[in-house]
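4 protein chains.
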Amino acid sequence: MPMVTGVTRERVSVGVAGATGYAGQELVRLLARHPHVRLVAAMASSAGSPQRPLPALARVWDDDVVPLDLARLSSETEAVFLALPEDASADVVPALLERGRRVFDLSGAYRLRDNEQRTHWYPKASTLPDGSVYGLTETARPALPSARLVACPGCYPTPALLALQPLRAAGLVRGDTVIDAKSGISGAGKTPTERTHFSECHGSVSAYGVFAHRHGAEIEQELGCRVTFVPHLVPLDRGILETIYVGLAPHADATAIAAAYERAYGAAPFVRLTGDALPTIRHVAGTNFCDIGWKVDEAGGRLVLVACIDNLLKGAAGQAVQNFNVAFGFDERAGLWA
Amino acid sequence: MPMVTGVTRERVSVGVAGATGYAGQELVRLLARHPHVRLVAAMASSAGSPQRPLPALARVWDDDVVPLDLARLSSETEAVFLALPEDASADVVPALLERGRRVFDLSGAYRLRDNEQRTHWYPKASTLPDGSVYGLTETARPALPSARLVACPGCYPTPALLALQPLRAAGLVRGDTVIDAKSGISGAGKTPTERTHFSECHGSVSAYGVFAHRHGAEIEQELGCRVTFVPHLVPLDRGILETIYVGLAPHADATAIAAAYERAYGAAPFVRLTGDALPTIRHVAGTNFCDIGWKVDEAGGRLVLVACIDNLLKGAAGQAVQNFNVAFGFDERAGLWA
Amino acid sequence: MPMVTGVTRERVSVGVAGATGYAGQELVRLLARHPHVRLVAAMASSAGSPQRPLPALARVWDDDVVPLDLARLSSETEAVFLALPEDASADVVPALLERGRRVFDLSGAYRLRDNEQRTHWYPKASTLPDGSVYGLTETARPALPSARLVACPGCYPTPALLALQPLRAAGLVRGDTVIDAKSGISGAGKTPTERTHFSECHGSVSAYGVFAHRHGAEIEQELGCRVTFVPHLVPLDRGILETIYVGLAPHADATAIAAAYERAYGAAPFVRLTGDALPTIRHVAGTNFCDIGWKVDEAGGRLVLVACIDNLLKGAAGQAVQNFNVAFGFDERAGLWA
Amino acid sequence: MPMVTGVTRERVSVGVAGATGYAGQELVRLLARHPHVRLVAAMASSAGSPQRPLPALARVWDDDVVPLDLARLSSETEAVFLALPEDASADVVPALLERGRRVFDLSGAYRLRDNEQRTHWYPKASTLPDGSVYGLTETARPALPSARLVACPGCYPTPALLALQPLRAAGLVRGDTVIDAKSGISGAGKTPTERTHFSECHGSVSAYGVFAHRHGAEIEQELGCRVTFVPHLVPLDRGILETIYVGLAPHADATAIAAAYERAYGAAPFVRLTGDALPTIRHVAGTNFCDIGWKVDEAGGRLVLVACIDNLLKGAAGQAVQNFNVAFGFDERAGLWA
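Chains as they are written, first to last, in my numbering: chain S, 22 to 359; chain B, 22 to 359; chain R, 22 to 359; chain A, 22 to 359.
Careful: at least some of the hints might be erroneous.
Some chain A residues judged to face chain S by a derived CB distance under 8 Å, without partners named [said to hold, decoys possible]:
1. 87
2. 194
3. 203
4. 221
5. 224
6. 228
7. 232
8. 234
9. 241
10. 244
11. 248
12. 301
13. 318
14. 319
15. 322
16. 323
Straight-line Cα separation of at most 30 Å, BS3-like style, residue types lysine-lysine; simulated pairs [said to hold, decoys possible]:
17. B:145 <-> R:316
18. B:211 <-> S:211
19. A:145 <-> A:211
To list a few chain R residues with every Cβ distance to chain B over 10 Å, as calculated [what the hints assert, rightly or not]:
20. 152
21. 194
22. 266
23. 275
24. 350
Quick caveat, the hints were computed from the structure, so don't treat them as lab data. This structure is a prediction, so every number in the text was calculated from the model and none was measured. For glycine and all other residues, C-beta sits at the position ideal for the given N, C-alpha and C.
Build out the structure end to end from the sequences listed, making use of the hints.
Pasting the structure below:
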């Protein structure tokens, strides 16, 4: 794959499949105004879907949302963003790759490399395609330009991995890892259910998926260790904040922690280090930033990390576009900055 | 119907049909601890419904919710509270009345007296039963002891009527009446829909049912004049606040307004007059109160009324129990006060 | 004032005063990434203010917020955006104009042209400067290129005027005008008060300022008629939705209403007409759009308009930037679109 | 202290000091309608405080809130409830005890028995009074009838201790204990601050007090082991949900866990065990219940507990009244049930 730059080529033709869900709408919003993108079509999640307008995107993307059309994606686009249910993604990805499209998949279908794990959680994703990259942009940068399929990370793994990987790589933490995640309700998708009914969520907090959430498997794959991961729904729309409890390695201290983060993210445009001023969802909602703060108890050998993102941007559509930018050689911030 | 009192008889046997909805659960919560009630059964909305537990009511009402059973309601209860969909109510009410039960109906089925109006909005409610009373407690008190069917008012009409009736009766207002209502989402019921999906409601406000809401017909029936009524969903769970715009009659002034309200509600246990300190939902949520405040522009001939209630209590289950208390001769506050 | 274009000149040097409030932060966020702006300084609201960082804007604007410095604004900028308290604005505006700066004032100080009205609501704004324009962009476009001072409209007047002016201009409405406004809490500013304390607002709605809100005077000035305007706080952060009640003129009908709006806003980049699919805050939050929908009761001679905006964007910082774009000859959408 | 019962004596004369805060208002609301209480006075937090009405309590408690008056509390009441700032409590408690009043203190002043710990967190509480009891009702029952001072537990310790104590007593858990707490904003009190400003909290979650919250010391005192406790503010008004991570002791399993809880709380009127159907805030808000659920990973040796309460009831005013009921020999549910 020859590197292309924003200078040498103006716009890449792209398509979006699954444009009516929350992440899909964010993709359309971002791509319709991306300086290096020509958005060819916003498609529904299936061939039979009736066309639906997206009133929230009037004046931004006024075209119809058309039924899913693999032939058209293959013939008219160079890159395809998929915001489909995982089973649909598992179906569509091989076909698109075969026809030479580069695919940015927001579903979990091809995130897990171990076949047993993957088919346990995503039964239809039987074979991991060649040229797959797990697309946590900050660590995937070298691999993205040649990637054929970018499996964009889940919303919960994104802040957990960004917070933990630099410390684990530097050998600064040890012992059990507890990840207590608080997520806005948009993470549960656009389909009305009892769990996401306003009156059930408002004024409430609930834990779910304890010891049984596929994002736990994804985090464990990338970290290479066991984690205890408990997601919660909190009464807000967009954003995830994770509080992470780990032990401090014997030689580790606050200075080493800060240095490890600075090394990892000093030049990263979308990771902001807040030090011991802990971050809040409010400052990342509506942005592609991941904010990370931490508190060190040197005497007690404990460390608490707090990381947060907008689940639909850095946790979904934003990170996919960030991956696209790196993959195609554009400024990593293109279309995400303003 | 001989008057009975809290002294002479201890407990009335009652049943609830439609116990799993939001208003139904409130009924069970109130009646299970009502000092003059023996709650015989909490029933689902239909005969075929599977039994469901009500986890929110553990330790308050631990019995199963049983399928709807008219025979049992007729043989084991004296009074029945219905929190059913309007069509189900329209079916069930005549059967229960025929068997001699006193019925407190929370649905709209039998609120409209005009046959054309009623069958327009509630097609299944073809015949208005004898002994029906429109149960806005504060005005229905004299009629309740002999009522067979109490059609409890809708959530939107309740504050509008409590605020407007004393002024209209005293001839203090004139001209157009605009009622702008803001309702919490629980008013839309327990069934998940796109409209009540958390992410669609959070951070948003929307108007609906403009010129086409059956509660407008109900308000117009009781006031005897045209109103322009627009309901809105606001992002909270429980509560309605209505802002009402009317013209001041030539001779009317702030003193006369206050006097009319004081006459109407000075002795009403559940109407609180806040004068020109306008009321807020926060102070009525979780209570059976209706708070009413007002601002008078004497020079401009204008009047703004603000009235609010908890839609599930004074707007539904609470007012039904209040009606029951008056109908059976108990203290109006029994079971509603603590 | 010679017209300048995005082609002939690249960037205008601008300063922001009052950068720490909610509207001020939005200005910094927008201007720091505006393609035709060089943001020289983000200043506090007063000379003595200590410098404060803006953690929410890390990576967007990392400079300190410096104390207010009129000399520097005069010497280093061409245009100044003021997000100051009204009294501070009343002080600062004449000084900046005298030194030749073009001023975009977000406060109310110089919105009212009538001296008596203006000094009633804004006592310090004794003299209306020459070259002042009331900056509702959609109607002010012709006047903006030569404006010295642009008094940007209040958050409440913006949707009311955009919804009502085309209909009044076309003679399609008559009779009383009632404007019932529901505003998110950010409209009350950043200073903690009992009214804006989370626990007082959550789950509640409250009316305030009845017959006594200066935005009522502003709306009446622009419409040239009396309005009954009642603002409410609703439990959300950003956004205003206004429900407007007017009478239909004898010859007016749904077709004429739609045509009047289409004429007024068919080419306006930031007004979206939703027809009888009424708009909601959710679709405008985070954008500079004003969405307008309407319902016509031809038989009853009534009209209900619903208009909504993001109060910090189209109701404050966004409209100020939009005015700047028109004033300096840039694309009206520059810096506001992505 | 002779046991008294609801049969032999009708009403205990009580006073409330600190009646205008959120917990204080709940006390007034509960005590004004308590069947065995005569509420003598609702007092402010200091002698100089101006009298303020409590509009939310109209028709429930219509008396003025009077300035704090120790003499009157001593002469006219038998029991006093204190909802004062901790320093004020530290001052007032010894004086009231000396004059023979029984005191139910909602502040933290006298919760910590270790002098060093107590004076570290509550410097004014220099001496722990004789006859003090840490009033977690479920474990304090035997001690309450003879208690002079009941130090009612903090809102955060209450669910943590109720969830952990039975398991620790049975030797079913081991290893580190992590308590991740999510609290509604009312827990931060009634004084407006930047942290509790609506726009700062809405749509956000934030951690605070990491390794430095006095409730951590309180939990450690009662459990006798180190805990890692991190509180968070979540955007709701009332309620706390705690997710607790512990290791499973070698012999422990799901059956043993359930049995330990059943033994501890089978007869407790205000603890509800939800098993592996995890509890949510929604079901406890507005009640005095503590709901506890759990998930066991037997193979992995891990246990996740979830416990939740209404912070102003079981976490403050409700538990104080529950303690009062036990202390005076009334039904534990009196005044809390309906």
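Restraint satisfaction for residue 87 of chain A [CB to CB of chain S, less than 8 Å]: Hint violated; residue 87 of chain A Cβ to chain S Cβ min 33 Å, cut 8 Å.
Taking the closest Cβ pair, is residue 232 of chain A under 8 Å from chain S? Since chain S brings a Cβ to about 5 Å from residue 232 of chain A, closer than 8 Å, the hint holds.
Residue 319 of chain A was flagged as interface toward chain S. Is the shortest Cβ-Cβ separation under 8 Å? This hint is violated: residue 319 of chain A lies away from chain S, its Cβ roughly 10 Å from the closest one there, beyond 8 Å.
Against chain S, with CB atoms and a cut of 8 Å, does the hint on residue 322 of chain A hold up? 10 Å, violated
May I ask you to test the interface hint for residue 323 of chain A with respect to chain S, counting a Cβ-Cβ separation under 8 Å as satisfied? 6 Å, holds
Does the no-contact call for residue 194 of chain R survive, Cβ to all of chain B over 10 Å? 14 Å, holds
For residue 350 of chain R, which was marked as not at the interface, is the minimum beta-carbon distance to chain B over 10 Å? 35 Å, holds
Holds or violated: residue 221 of chain A as interface residue toward chain S, Cβ cutoff 8 Å? OK, holds: residue 221 of chain A within 8 Å of chain S, min 7 Å.
Mind checking the alpha carbons of residue 145 of chain A and residue 211 of chain A for me, to see if they're no more than 30 Å apart? 22 Å, holds
Tell me if residue 248 of chain A is really an interface residue toward chain S, meaning its C-beta lies closer than 8 Å to one of theirs. 11 Å, violated
Determine whether the non-interface label on residue 275 of chain R survives the test: each CB of chain B must be over 10 Å from its CB. 12 Å, holds
Identify whether the interface hint at residue 224 of chain A stands, where standing means a beta carbon of chain S within less than 8 Å of its own. Status holds, d = 5 Å.
In the structure shown, a violation is registered for the earlier hints numbered 1, 2, 8, 9, 10, 11, 14, 15, 22, in ascending order.
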